[in-house]
Amino acid sequence: MLWSVAWKNVWRNKKRSIVVIVAVTFGIISGVLLVGIMEGWVRQRLNDAINNEVSHIQIHNTAYLRNEEIDLSIDNPDQILKSIDTLRQLKGWVRRTKIIAMANTPWANTGIIIYGINPDDERKISDIPGKIVAGGGEYIGSQNQGSILISDKTAELLKLKQYILTDTLISELRALSFPDHVLNKLETFKDKRFRSPKDFKAALRKELVRKELDRYGQVIMDKALDYRIRNKIQITISDLQGDPVQGIFRVCGIYKTTNTGFDQVSAFVNAPDLAALYGGGEILTHEIAIMLNDIGDADAVGEELGRIAGGNTVSTWKALAPDAAMMNDFMIIYYFIFVGIIMLALAFGIINTMLMAVLERTKELGMLMAIGMNRRRVFSMIMLETIFLTIVGAVSGMGMGWGIASVLGKTGIHFTGWGEGFEAIGFSSVVYPVVTPGFIIFTAAMVIVTAIISSVWPARKALKLNPVEALRTD
Amino acid sequence: MIVLELKNVNKVYNSSEVKVHAVNDVTLNFTEAEFVAIVGPSGSGKTTLLNLIGGLDMPTSGEIKIGGTDLSSLKPSQLIDFRLRNIGFVFQSYNLIPVLTAKENVEFIMTLQKWPEKERDERTMELLNAVGLGDRINSRPARLSGGQQQRVAVARALASRPKFVLADEPTANLDSKSATTLLEIMEKLNHEEKITFIFSTHDPRVVKMAHRVITLEDGRVVSDDVRELPS
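Respectively, the protein sequence lines represent chains Y and D. Residues 1 to 474, numbered by the working numbering, are exactly what the first sequence covers, in order. Residues 1 to 231, numbered by the working numbering, are exactly what the second sequence covers, in order.
These are calculated hints, taken from the structure and not from any lab test. Any given hint could be a false lead.
Examples of chain D residues toward chain Y, derived with CB under 8 Å [as the list claims (entries may be wrong)]:
hint : residue
1    : Met1
2    : Ile2
3    : Glu5
4    : Lys7
5    : Leu50
6    : Asn51
7    : Met58
8    : Phe89
9    : Val99
10   : Leu100
11   : Phe108
12   : Thr111
13   : Leu112
In silico negatives: residues of chain Y with every beta carbon more than 12 Å from chain D [said to hold, decoys possible]:
hint : residue
14   : Ser4
15   : Val5
16   : Val19
17   : Arg195
18   : Gly279
19   : Ile371
20   : Ser396
21   : Arg460
22   : Asp474
Heads up, the beta-carbon is just placed ideally off N, CA and C, and yes, glycines get one too.
Given these sequences and hints, build the entire structure.
Encoded structure:
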C-alpha cells in the first residue's frame with residue numbers, strides 16, 4: 001500500500017509534478033543527446049583514424065621513426081609479412097614506401113608525404129578508395145603508371161582546384177529555380193577562374209547580399225568547383241644517395257577524409273613508380289599497416305608481433321592516433337561529467353519540489369505518525385514519491401532522447417558552417433549521434449541514485465516532525 | 001477490566017518566562033467499553049491530557065499504563081508501534097488521506113499491521129456499513145461531506161480493534177444533524193465493539209450522551225461523574 005500511496009501522492013499536485021517531470025525529461029534528453037553527439041564524434045574520429053590513416057597496427061624500422069630517411073626501411077619485410085599472414089585475427093595488411101617530398105605545380109608548391117602503395121592491397125584495408133570527391137577523378141589503379149592521388153586540400157594548396165562559372169553552369173542554376181536577379185549578378189564573373197575557395201567566396205560576397213549568399217552560396221560553390229584532373233605535378237625527393245631527384249606524376253583523383261591535417265600531407269602513387277624515382281631497383285618498405293578483424297585484439301597482436309619484429313617498432317592505433325585513443329578512453333569520464341552536471345541540476349529541482357510537498361503535508365504527516373506509521377515507513381514513502389517522480393521523467397526523457405538520437409543517428413547533424421574548423425582537427429562536420437545500451441543503463445542508474453540522494457533531505461525533514469505540533473498546523 | 005490507568009500525571013511546559021502546569025496531578029482509570037467525555041474551558045488541559053493518553057506526548061511525571069504497559073518504558077519506535085496496535089484516533093478536522101478512497105483509508109491501519117487481505121476486506125466493509133457508508137467505499141475524501149469524512153475517520157480508528165479511541169473535538173466542525181448522526185454511530189459501535197471512547201469536547205450533545213463526564217480546570221480533575229443512562 002505504501003507504494004500505492006506514494007504513487008498517488010505524486011499526482012496530488014499534478015501541475016507541479018508535471019513541471020518537475022518535464023524538467024527531468026528535458027534534462028535527460030539533453031544529456032542523452034550531448035553524450036550521443038560526443039560518442040558519435042569519438043567513434044567517427046576513431047573509425048576514420050583507423051580506416052583512413054593508421055589501421056590497427058603499424059610496423060616501422062625503429063630508426064625511421066626518429067629520422068624519416070629513405071634508407072631506413074624495414075629489413076627483410078617478407079619474413080615479417082610471412083609471420084603476419086599466420087595471425088588468425090588478421091583482416092589484411094599493406095606495405096608502403098613512405099617518403100617526404102616536395103610537390104610543385106606551375107602555380108604553387110607544398111610539402112607532402114608520398115606513399116608508394118599497391119592500390120589493390122590498399123582497397124582491402126583502407127577506406128580512402130571510397131573517399132574520392134564528386135568530380136574528382138578516380139582512385140589510383142595499379143596499371144596507371146605515373147598517376148598520383150592527392151587530397152582536396154593538397155589540390156587547393158597546389159592550385160589544382162578552381163572555381164569557374166560557365167554558361168552551362170548558369171543554365172543549370174536556372175534549372176534549379178535560381179532567381180534571375182541572382183543569376184544576373186553571377187554574369188559579372190562568368191568564365192573568370194578563381195584558384196581558391198577563399199577568392200571565389202570573396203567575389204560572391206561582393207556581388208550577393210547576405211540573404212542570397214546564405215541561401216545560394218554553397219550550391220554555387222559546389223557547382224562551380226572544378227578539379228584539374230590529369231594535371232601534372234612535379235615531385236622532388238631524395239634518392240638513396242641523398243641527392244634530389246624529380247619525377248612527374250599526373251593527378252588521377254582527388255580524395256577527402258574528415259581530417260584535413262592528414263589530407264594536407266598525404267599523396268599516393270604506385271610503389272614501382274616511386275621506386276623508379278629513388279633508384280636501386282628494389283621497392284623499399286617503410287611501413288607495414290595491419291588491419292585486424294577486431295580492434296580489441298590490437299594490443300595482444302601488437303605484443304605478439306613485437307616479439308618477432310626484430311629491430312623494428314610495432315605500434316598499435318593507440319600510439320599512432322593518440323588523440324582518438326585518448327578521447328575513446330575519456331568517454332566514460334565525459335559521461336560522468338555531462339550526466340553528473342545534469343543530475344546535480346535535477347537534484348536541486350527535485351529537492352525543492354519534495355520539500356514543498358512535505359511542508360504542505362505537515363498536518364497529514366503528523367496524523368500518519370500519530371496513528372502509528374513508523375519513521376521507516378514515513379521515510380520510505382517520501383523516498384518512493386521522489387523516486388517515482390524522477391523515474392517518470394527519466395523514462396520519458398530516455399525514451400525521447402533515444403528516439404531523437406536514433407533519428408539523428410540516421411540523418412546526421414550537419415555543422416556545415418563550422419566544417420572547416422572541425423575537419424582541421426580530424427572531425428567530420430556531420431555527426432551521427434550514437435546512444436549505446438550501456439549509456440542508457442548508466443543514465444538509468446544515475447537517475448535512481450540521484451532520486452535516492454535527493455529524497456534524503458525531504459524525507460529527513462518529514463521525520464523531524466513532531467506529531468503533536470504537526471497536527472496543530474493549518 | 002481496566003484498559004487505561006493514569007497515576008499522578010503531571011505535564012509542565014517550561015518557557016523562558018513562565019511555567020505552565022498543563023496537567024496537574026491527574027489520577028484516572030478507564031475501563032472497557034466506557035463512553036467518556038472530558039470537558040472543561042479552553043486551556044484547561046483537555047487536549048494535553050489526550051495527547052498524553054495517546055502517547056503523542058510524555059508526562060513530566062507520573063505513570064500512564066495502557067493494558068498494563070507503562071508508556072514511559074517504551075522506546076520511541078516501540079511507542080509508535082504500540083499506538084498503532086492499541087489506540088484509535090479521531091481528529092477534529094477528520095485528517096483522512098486525501099489520495100485514498102474511503103475503503104483504502106479504513107484499510108490503511110490494518111495494512112500497516114499486515115492483516116491478511118481477506119480479514120482486512122471483511123473488517124473494512126463491516127465498519128463502513130456500520131457508519132452508513134457502505135455505498136461510498138470508492139469515494140475519495142473530497143467527494144464526501146464533513147460528516148461522512150468524520151464517519152470514515154471513526155471507522156479507521158476502530159479498524160484494528162484498539163483498546164480505546166481518543167476523539168479530540170470530533171463534532172466541532174460538523175453541523176447539528178451530522179454531529180448527532182456521528183454520535184449515534186459512535187455510541188452504537190461503543191456498545192457493539194466494546195471499545196472505550198474518550199472524547200475531549202465542548203459539545204453539550206457529546207456530554208449528554210456520555211456515560212462518564214470528567215471535568216478539568218487548570219489541568220486538575222475537578223469532577224468525575226459516572227452516570228446511569230436510560231437504556
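Here is what the structure says about each hint:
no.: 1; hint: Met1; verdict: violated, 23 Å
no.: 2; hint: Ile2; verdict: violated, 22 Å
no.: 3; hint: Glu5; verdict: violated, 21 Å
no.: 4; hint: Lys7; verdict: violated, 22 Å
no.: 5; hint: Leu50; verdict: violated, 10 Å
no.: 6; hint: Asn51; verdict: holds, 5 Å
no.: 7; hint: Met58; verdict: violated, 11 Å
no.: 8; hint: Phe89; verdict: holds, 5 Å
no.: 9; hint: Val99; verdict: holds, 4 Å
no.: 10; hint: Leu100; verdict: holds, 7 Å
no.: 11; hint: Phe108; verdict: holds, 7 Å
no.: 12; hint: Thr111; verdict: holds, 4 Å
no.: 13; hint: Leu112; verdict: holds, 6 Å
no.: 14; hint: Ser4; verdict: violated, 8 Å
no.: 15; hint: Val5; verdict: violated, 7 Å
no.: 16; hint: Val19; verdict: holds, 19 Å
no.: 17; hint: Arg195; verdict: holds, 76 Å
no.: 18; hint: Gly279; verdict: holds, 91 Å
no.: 19; hint: Ile371; verdict: violated, 5 Å
no.: 20; hint: Ser396; verdict: holds, 22 Å
no.: 21; hint: Arg460; verdict: holds, 16 Å
no.: 22; hint: Asp474; verdict: violated, 9 Å
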